[in-house]
Amino acid sequence: MEIIYVYTRKRSEFGRPCNFSDRPAKVNVDIPPDPSMASGFILRNPVDSYVQHTSDMSEHEVNTERVEVESRGVNHVEGGWPKDINPQEVEQTIRFRKKVEKDENYINTITHLGTLMEHCVKQNNAINIYEEYFGEEEMAEVEDEPPSAKTINVIRDPNVTKRTATHLSWHPDTCKKLAVAYSSLEFQQNMKDLSFDSYIWDLENANKPELVLKPSSPLVSLEYNPKDSHVLVGGCYNGQMAYWDTRKGGLPVEVSAVEVSHRDPVYGAIWLQSKTATECFSASTDGQVLWWDIRKLSEPTETLVLDITRKGLLENALGAVTLEFEPTMPTKFMVGTEQGIVIACNRKAKTPPEKITSTYSGHHGPVYALARNPFYPKIFLTVGDWTARIWSEETKESSIMWTKYHLSYLTDGCWSTARPAVFFTTRSDGTLDVWDFLFKQNNPSLSLKVCDEPLSSLRLQDNGCVVGCGSKLGTVTLLEISSGLCTLQRNEKTLATAMFERETKREKILEARHRELRLKERARSEGHGAEVEEKPVESPHEVLDRARREFFEAIEAELQRRARAETQHLCGKVKDDAGEAAAAQGEESQAPKDKEEEEEEEEKHAAKEP
Numbered sequence: 000m001e002i003i004y005v006y007t008r009k010r011s012e013f014g015r016p017c018n019f020s021d022r023p024a025k026v027n028v029d030i031p032p033d034p035s036m037a038s039g040f041i042l043r044n045p046v047d048s049y050v051q052h053t054s055d056m057s058e059h060e061v062n063t064e065r066v067e068v069e070s071r072g073v074n075h076v077e078g079g080w081p082k083d084i085n086p087q088e089v090e091q092t093i094r095f096r097k098k099v100e101k102d103e104n105y106i107n108t109i110t111h112l113g114t115l116m117e118h119c120v121k122q123n124n125a126i127n128i129y130e131e132y133f134g135e136e137e138m139a140e141v142e143d144e145p146p147s148a149k150t151i152n153v154i155r156d157p158n159v160t161k162r163t164a165t166h167l168s169w170h171p172d173t174c175k176k177l178a179v180a181y182s183s184l185e186f187q188q189n190m191k192d193l194s195f196d197s198y199i200w201d202l203e204n205a206n207k208p209e210l211v212l213k214p215s216s217p218l219v220s221l222e223y224n225p226k227d228s229h230v231l232v233g234g235c236y237n238g239q240m241a242y243w244d245t246r247k248g249g250l251p252v253e254v255s256a257v258e259v260s261h262r263d264p265v266y267g268a269i270w271l272q273s274k275t276a277t278e279c280f281s282a283s284t285d286g287q288v289l290w291w292d293i294r295k296l297s298e299p300t301e302t303l304v305l306d307i308t309r310k311g312l313l314e315n316a317l318g319a320v321t322l323e324f325e326p327t328m329p330t331k332f333m334v335g336t337e338q339g340i341v342i343a344c345n346r347k348a349k350t351p352p353e354k355i356t357s358t359y360s361g362h363h364g365p366v367y368a369l370a371r372n373p374f375y376p377k378i379f380l381t382v383g384d385w386t387a388r389i390w391s392e393e394t395k396e397s398s399i400m401w402t403k404y405h406l407s408y409l410t411d412g413c414w415s416t417a418r419p420a421v422f423f424t425t426r427s428d429g430t431l432d433v434w435d436f437l438f439k440q441n442n443p444s445l446s447l448k449v450c451d452e453p454l455s456s457l458r459l460q461d462n463g464c465v466v467g468c469g470s471k472l473g474t475v476t477l478l479e480i481s482s483g484l485c486t487l488q489r490n491e492k493t494l495a496t497a498m499f500e501r502e503t504k505r506e507k508i509l510e511a512r513h514r515e516l517r518l519k520e521r522a523r524s525e526g527h528g529a530e531v532e533e534k535p536v537e538s539p540h541e542v543l544d545r546a547r548r549e550f551f552e553a554i555e556a557e558l559q560r561r562a563r564a565e566t567q568h569l570c571g572k573v574k575d576d577a578g579e580a581a582a583a584q585g586e587e588s589q590a591p592k593d594k595e596e597e598e599e600e601e602e603k604h605a606a607k608e609p
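Heads up: the sequence shown at position 151 corresponds to 150 in numbering that gives the first Met the number 0, and the numbers run straight through without jumps.
If you're looking for bench data, these hints aren't it; they were derived computationally from the structure.
The model shown is predicted, which means the values in this text are computed figures rather than measured ones.
You may find that some hints are simply not true.
[As the list claims (entries may be wrong)] Label-pair distances were calculated between CB atoms; the ranges are:
| # | residue 1 | residue 2 | range |
| --- | --- | --- | --- |
| 1 | E64 | T150 | 37 to 47 Å |
| 2 | T330 | A522 | 37 to 47 Å |
| 3 | K492 | N441 | 19 to 29 Å |
| 4 | D292 | A522 | 27 to 37 Å |
| 5 | D192 | R65 | 34 to 44 Å |
| 6 | K448 | Q559 | 57 to 67 Å |
For each residue, glycine too, the CB sits at the ideal point set by N, CA and C.
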């Protein structure tokens, strides 16, 4: 053990210890009596005096040096043999085993241990000591917990010139390590002191990286091999592919040749399911998807040009920004492009044009994230421009669900591995959104301001409880999600299935209706085909004049309609007034007539009385 700091002073000598000693008395101040002051003396009675006695305390602080912990491992193959026996020699080991098995002490020990083991085996068979009796009650408690997240770790780029954390990859076995690819994606930014290094971080000792990866060009993508956690594959900014074996250090084991690599940065690199666990494929904005075997990176094993016209022309190809591959569907994969189009491909098709099976168009800019739902592989998520969209493979024309349009760009997204209706998105204003579409679809269930700079990458652990967010300045923030967002709820799968099926059915009905309207419009245009052909092509000025004329004609027609309606209303009112006047005049003429009749009757009655 190397001793770095040696303290030679005793603990009692730290601070300011008291040091008492005997010495003669010394007069510091002498005030002689003054008799003239006696006349000013006033006797005070009673006299109150206070004495407060507290012990004097001293505070000392010591700022110790930070302890740097380094992990070391030993690969122990086989041991416990005597020095005179070589474990590699089979005959010697067999002879030694037979010798030990004949020993009485060995036999007695095995007999004693066998009795104890038999008791433990019978006990395990009789009852499960790890059985959970109140799982439903715990689940009910989880449902009432409000969604939340807390920061558990922050990892910063150790370089002076900060770079973007472009990609994250969790260790496939322990989830205690995180591989981060760092590169600057700013256009034509060429800084002299810009580092090319990327790092593997041990989360239990995040003061410094566990391993420094030294590529020939900055890494844009980096992925652990799910079957061999010592091997990583990375896509470089200059288009090359490289792979590392952590047991062999930070330099790449092999790098692809420049002339057979991509022409643009490799934005996606994913491992394939194969018996050898050495195959992967990559995509770049140069419009190509290349398949590789890391045992031979001198040339790609297969090539696909992302030309949706199916002519295979590289100049017509769409630039790939993200890749998606689901191991349960080994022949299918999907590519998100710069133009906002998602291309679904089938690797096992016979001809290159047939490998592009379908396209999905719904974003106004690059598709930055593309992920299939781990519970329903036919449902996939895309993130681009200001919104995230959920698609079904069965509906090609439009997505089945989508989020609201945000004020800032969305930069990445992924599904929850624990809950089928929960997904995560990151924004360029440094916000992490957690959406639960079963709970609400208008707004995220949880919005968390992670940092001030834009978030650039996002990766969720397999358990679904810890999410890593990489930023533009190279800061990786690890957040622990509350149990309510990473625990499967009761009947959630059934509800999510019903929701996705309902929305898919709705989109199918809308697609059929739009198709029917388009057919009717086509039939109507074909019926007037001759007239349409004879009609000359209008210039932009003629179109503008015609639109202006039609606009003013519509306004004039509306004004005339309102004038007619107002005229009719006035005429009706005049008729009503005339009717009321005639009725009043009739009543006045009737009154004199009644008076004359009364006078005639009175005269007849007077004539009869004589």
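Here is what the structure says about each hint:
Our hint of 37 to 47 Å for E64 and T150 is violated, since their Cβ atoms are close to 26 Å apart. The hinted window of 37 to 47 Å between T330 and A522 holds, with their beta carbons roughly 40 Å apart. Checked against the given bound of 19 to 29 Å, the beta carbons of K492 and N441, roughly 23 Å apart, stay inside it. Our hint of 27 to 37 Å for D292 and A522 is violated, since their Cβ atoms are close to 54 Å apart.
In this structure the hint that D192 and R65 lie 34 to 44 Å apart at CB is violated, the actual value being about 26 Å. Look at K448 against Q559: about 58 Å separates their beta carbons, and that is inside 57 to 67 Å.
Comparing the model with each numbered hint stated earlier shows that hints 1, 4, 5 do not hold.
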